[in-house]
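Using the sequences provided together with the hints, build the complete structure.
What follows is each chain in one-letter form.
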Amino acid sequence: MDSAFFFTYFLQFVISGITIGSIYAMVAVGFNIIYNVTEIINFAQGEFVMLGGLIMVIFYNKLDLPILIAFLMTVIVVAMIGLLIDQIVIKSIKQPTVLTLIIGTIATSILLKGAAMFIWGKNPYDLPAFSGREAINFFGAVIQPQALWVIGILVVVVGLLSFFFEKSIIGKAMRACSDNQDAALLVGISVKRMILLSFALSAAIGAVAGVIVTPIALMEYDRGAMLAVKGFAALILGGLGSFPGAVIGGLLLGLIEALVAGYISSGYKDAFALAVLLILLFVRPHGILGNPTVAKFKKF
Amino acid sequence: MLSIEGLCAYYGDLEVLNNVSLTLKQGQIVSIIGANGAGKSSFLKCISGLISKKTGRVIFEGNSITNFSANSIVKKGISHVLEGRQLFNHLDVIDNLNLGAYLFFKRGNSGLISQRRDEVFDLFPILKERSRQIAGTLSGGEQQMLAIGRAIMSTPKLLLLDEPSLGLAPLIVSNIFSIIENLNQKGTTILLVEQNANLALGISDFSYVFESGRIKLQGTGQELLGNEDVKKAYLGH
Numbered sequence: 001m002d003s004a005f006f007f008t009y010f011l012q013f014v015i016s017g018i019t020i021g022s023i024y025a026m027v028a029v030g031f032n033i034i035y036n037v038t039e040i041i042n043f044a045q046g047e048f049v050m051l052g053g054l055i056m057v058i059f060y061n062k063l064d065l066p067i068l069i070a071f072l073m074t075v076i077v078v079a080m081i082g083l084l085i086d087q088i089v090i091k092s093i094k095q096p097t098v099l100t101l102i103i104g105t106i107a108t109s110i111l112l113k114g115a116a117m118f119i120w121g122k123n124p125y126d127l128p129a130f131s132g133r134e135a136i137n138f139f140g141a142v143i144q145p146q147a148l149w150v151i152g153i154l155v156v157v158v159g160l161l162s163f164f165f166e167k168s169i170i171g172k173a174m175r176a177c178s179d180n181q182d183a184a185l186l187v188g189i190s191v192k193r194m195i196l197l198s199f200a201l202s203a204a205i206g207a208v209a210g211v212i213v214t215p216i217a218l219m220e221y222d223r224g225a226m227l228a229v230k231g232f233a234a235l236i237l238g239g240l241g242s243f244p245g246a247v248i249g250g251l252l253l254g255l256i257e258a259l260v261a262g263y264i265s266s267g268y269k270d271a272f273a274l275a276v277l278l279i280l281l282f283v284r285p286h287g288i289l290g291n292p293t294v295a296k297f298k299k300f
Numbered sequence: 001m002l003s004i005e006g007l008c009a010y011y012g013d014l015e016v017l018n019n020v021s022l023t024l025k026q027g028q029i030v031s032i033i034g035a036n037g038a039g040k041s042s043f044l045k046c047i048s049g050l051i052s053k054k055t056g057r058v059i060f061e062g063n064s065i066t067n068f069s070a071n072s073i074v075k076k077g078i079s080h081v082l083e084g085r086q087l088f089n090h091l092d093v094i095d096n097l098n099l100g101a102y103l104f105f106k107r108g109n110s111g112l113i114s115q116r117r118d119e120v121f122d123l124f125p126i127l128k129e130r131s132r133q134i135a136g137t138l139s140g141g142e143q144q145m146l147a148i149g150r151a152i153m154s155t156p157k158l159l160l161l162d163e164p165s166l167g168l169a170p171l172i173v174s175n176i177f178s179i180i181e182n183l184n185q186k187g188t189t190i191l192l193v194e195q196n197a198n199l200a201l202g203i204s205d206f207s208y209v210f211e212s213g214r215i216k217l218q219g220t221g222q223e224l225l226g227n228e229d230v231k232k233a234y235l236g237h
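These protein sequence lines map, in sequence, to chains A and B.
Numbering-wise, the first sequence is residues 1 to 300 according to this note's numbering.
Numbering-wise, the second sequence is residues 1 to 237 according to this note's numbering.
FYI, nobody ran anything at the bench for these hints, they're computed from the structure.
Hints are supplied without guarantee of correctness; some may be wrong.
Cross-link-like lysine-lysine pairs, in silico, DSSO-like; alpha carbons within 27 Å at most [to be verified]:
1. B:Lys232 to B:Lys186
2. B:Lys186 to B:Lys76
3. B:Lys75 to B:Lys186
4. A:Lys91 to A:Lys113
5. A:Lys167 to B:Lys128
6. B:Lys186 to A:Lys192
7. A:Lys91 to B:Lys216
8. B:Lys53 to B:Lys128
9. B:Lys53 to B:Lys75
10. B:Lys157 to B:Lys54
11. B:Lys53 to A:Lys192
12. B:Lys186 to B:Lys53
13. B:Lys157 to B:Lys75
14. A:Lys91 to B:Lys53
15. B:Lys231 to A:Lys94
16. B:Lys25 to A:Lys91
17. B:Lys53 to A:Lys94
18. A:Lys91 to A:Lys192
19. B:Lys76 to A:Lys192
20. B:Lys157 to B:Lys106
21. A:Lys94 to A:Lys192
22. B:Lys106 to A:Lys167
23. B:Lys76 to B:Lys54
24. B:Lys128 to B:Lys54
25. B:Lys106 to B:Lys76
26. A:Lys167 to A:Lys192
27. B:Lys75 to A:Lys91
28. B:Lys106 to B:Lys186
29. A:Lys192 to B:Lys106
30. A:Lys192 to B:Lys216
31. B:Lys75 to B:Lys54
32. B:Lys128 to B:Lys186
33. A:Lys167 to B:Lys75
34. B:Lys216 to B:Lys186
35. B:Lys25 to B:Lys54
Quick caveat, the model's predicted, so the values are computed rather than measured.
Structure below.
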C-alpha cells in the first residue's frame with residue numbers, strides 16, 4: 001500500500017471516529033449534567049438521544065415544520081420528558097440512595113424503549129441532512145457535511161455548559177447539591193428545582209444529539225441502551241463530572257472504534273474500546289481529566 | 001426574637017425531642033449543652049427546617065416558620081452551621097463563600113457578594129490565603145472557619161452553631177470562640193450547641209442543658225457553671 005493511499009484511509013477512519021465520538025461525547029455530557037447535581041448516573045440518557053431523533057421525524061418529516069422550529073420543538077418535548085422522569089420516577093423513590101435511583105433510571109430506559117417501539121415500530125428512520133448530503137473532499141477522504149454540524153454543535157454545547165457549571169453561580173449551586181444537599185438547602189438553594197433543571201438540561205442535550213446524528217446513522221427505538229453504554233465509557237475515560245473530559249473520552253472512544261474497525265475488524269471495535277477503558281481504570285481511575293483530589297470527596 | 005413552643009421531633013417513629021420550649025432575645029448568645037444523643041443537633045435542625053417531622057411551634061420575629069422548608073427559612077435570616085462543617089468539599093473556598101450568599105444572587109444583589117466576602121476575609125484572614133484551595137483539603141480549623149464564613153455571608157440575624165469546637169486543637173477553638181463573640185458584638189444573635197460545656201457556658205448569656213430530648217436545667221452561664229449537677233456531668237469536677 002503506498003503512503004498516500006494509507007494516509008487517505010487513515011484520515012477517513014479518523015473523520016468517522018471523530019464524528020461518532022462526538023455523539024458519544026454528547027451522551028457523556030448529558031450524563032455529567034445529572035451527575036454534577038445528584039451524583040447519580042441516569043442510564044436513560046441514551047433514550048433521550050433516541051427520542052430526539054424519532055420525535056424530530058414526527059415534527060419534520062410528518063408535520064412538515066421548518067427545520068429550525070422542528071428542532072426547537074423536539075428539544076422542548078424531550079426536555080419535558082426529562083422533567084417528567086424526575087417528577088414521576090426520581091421523586092417517587094421512597095428511600096432515594098444513589099443505587100436505587102440508578103436502578104430507577106435503568107427501568108425508565110427500558111420503559112421508554114418499549115414506548116418508542118409501540119409508537120414508531122422497529123424500523124429505522126432517516127432525517128434529511130442539514131446542509132445536504134454532498135460529500136466534501138478532504139485530502140482524498142470524504143466528509144459528510146452533517147459530520148461538521150455534529151462536531152460544531154458539540155463544541156458549542158460543551159463550551160456553553162463548561163462556562164455554566166464552572167463560572168455561573170447557578171451552575172455552582174447545581175454542583176453544590178451533589179456535594180451536600182443539606183448544606184445546599186441551608187444556603188437557600190432549592191435542591192428539588194436544581195435536580196429538575198438538571199434532568200431538563202440533560203434531556204435537551206440528548207435530544208440535540210439525536211437530531212444531529214440521525215441523518216448520519218439513522219435512528220430506531222432500541223438505539224438508546226448502546227449509546228448509554230458508550231457514553232458512560234466515554235465519561236469514565238474522560239473523568240466523571242468533567243465536560244472537557246467527556247469530550248476527550250468520547251472522541252478517544254470513537255477513534256479507537258473507527259481505527260479498529262478499519263484496520264482490524266469491525267467485530268472487534270467494541271472489545272478494543274472497552275479494553276482501553278479497563279486499562280485506564282487500572283492505571284488512572286479518575287479518568288484522563290478527572291481531578292484526583294476532587295474525586296476523593298465524591299461518593300463514586 | 002426566637003420562641004420555641006412545645007417542640008417534639010421525630011426520626012421515623014423515634015422521638016428525639018419532647019416538649020421543648022425556649023426563647024431567645026435579640027443580641028444574646030444562648031447555648032445548649034448535653035451529652036451525645038440528647039437532641040441538641042436535632043433541635044437546631046428543627047429550627048433551620050432540616051427536620052420536618054415535628055409538632056409544636058417555631059416562631060421567629062413574630063411569625064411561625066414551623067413548617068417552612070430549609071431553603072425558605074434561611075431567607076428569614078437564620079443561618080445554620082452544621083456539625084462536622086458540611087462544606088461543599090469539591091468546590092474551592094471562594095465558591096463556598098459565594099454560595100453562602102446565594103440569596104443575594106437570587107434577589108438580584110450580586111454586587112453585595114464580593115463586599116461580604118471581603119468582610120469574611122477580614123474575620124478569617126487564612127481563608128483569603130486559601131481562597132483557591134478545594135474546601136475538602138483544608139485543615140479542620142480552616143474548614144470550621146469556612147463553615148462559619150459561609151453561614152455569615154448572607155448576613156443572618158440568627159446564627160445556629162453546632163459543635164464548632166469538635167475535633168479542633170485548643171488554640172484554634174479559642175480563636176473560633178473569640179470570633180463567635182465578635183460576631184455577637186456586631187449584632188448577630190447566636191444559638192450555640194456545644195459539648196465543651198466550660199467554653200459554651202463561659203460566653204453565654206443564657207444556657208440550657210438537654211437530656212434525652214428534654215430541657216433538664218436552664219439558667220445563666222454563670223449559674224450553670226456553679227451548679228453541682230452540671231459540674232459533675234459536664235465539667236468533669
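A quick look at each hint next to the structure:
1. B:Lys232 to B:Lys186: Answer violated: Lys232 (chain B) to Lys186 (chain B) is near 34 Å, above 27 Å.
2. B:Lys186 to B:Lys76: Cα-Cα ~19 Å, so holds.
3. B:Lys75 to B:Lys186: holds (20 Å)
4. A:Lys91 to A:Lys113: Distance ~21 Å between Lys91 (chain A) and Lys113 (chain A) Cα, so the pair holds.
5. A:Lys167 to B:Lys128: holds (19 Å)
6. B:Lys186 to A:Lys192: Distance of about 35 Å is beyond 27 Å: violated.
7. A:Lys91 to B:Lys216: violated (40 Å)
8. B:Lys53 to B:Lys128: Answer violated: Lys53 (chain B) to Lys128 (chain B) is near 39 Å, above 27 Å.
9. B:Lys53 to B:Lys75: Satisfied, since the Cα-Cα distance of roughly 21 Å is no more than 27 Å.
10. B:Lys157 to B:Lys54: holds (24 Å)
11. B:Lys53 to A:Lys192: holds (19 Å)
12. B:Lys186 to B:Lys53: violated (34 Å)
13. B:Lys157 to B:Lys75: holds (10 Å)
14. A:Lys91 to B:Lys53: holds (18 Å)
15. B:Lys231 to A:Lys94: Given that 27 Å is the threshold and the Cα spacing comes to 45 Å, the pair is violated.
16. B:Lys25 to A:Lys91: The hint is violated at about 40 Å.
17. B:Lys53 to A:Lys94: holds (16 Å)
18. A:Lys91 to A:Lys192: holds (9 Å)
19. B:Lys76 to A:Lys192: The hint holds at about 20 Å.
20. B:Lys157 to B:Lys106: At roughly 19 Å apart (the allowed maximum being 27 Å), Lys106 (chain B) and Lys157 (chain B) satisfy the hint.
21. A:Lys94 to A:Lys192: Between Lys94 (chain A) and Lys192 (chain A) the Cα gap is close to 15 Å, so the pair holds against 27 Å.
22. B:Lys106 to A:Lys167: The hint holds at about 16 Å.
23. B:Lys76 to B:Lys54: holds (20 Å)
24. B:Lys128 to B:Lys54: violated (40 Å)
25. B:Lys106 to B:Lys76: Given that 27 Å is the threshold and the Cα spacing comes to 14 Å, the pair holds.
26. A:Lys167 to A:Lys192: holds (21 Å)
27. B:Lys75 to A:Lys91: holds (25 Å)
28. B:Lys106 to B:Lys186: Given pair Lys106 (chain B), Lys186 (chain B) holds - Cα atoms ~25 Å apart, limit 27 Å.
29. A:Lys192 to B:Lys106: Satisfied, since the Cα-Cα distance of roughly 16 Å is no more than 27 Å.
30. A:Lys192 to B:Lys216: violated (38 Å)
31. B:Lys75 to B:Lys54: Within the cut-off at roughly 21 Å; holds.
32. B:Lys128 to B:Lys186: Status holds; Cα separation ~21 Å.
33. A:Lys167 to B:Lys75: At roughly 24 Å apart (the allowed maximum being 27 Å), Lys75 (chain B) and Lys167 (chain A) satisfy the hint.
34. B:Lys216 to B:Lys186: With Cα atoms ~31 Å apart, Lys216 (chain B) and Lys186 (chain B) exceed 27 Å; violated.
35. B:Lys25 to B:Lys54: Within the cut-off at roughly 23 Å; holds.
Hint compliance for this structure: hints 1, 6, 7, 8, 12, 15, 16, 24, 30 and 34 are not met, and every other hint is.
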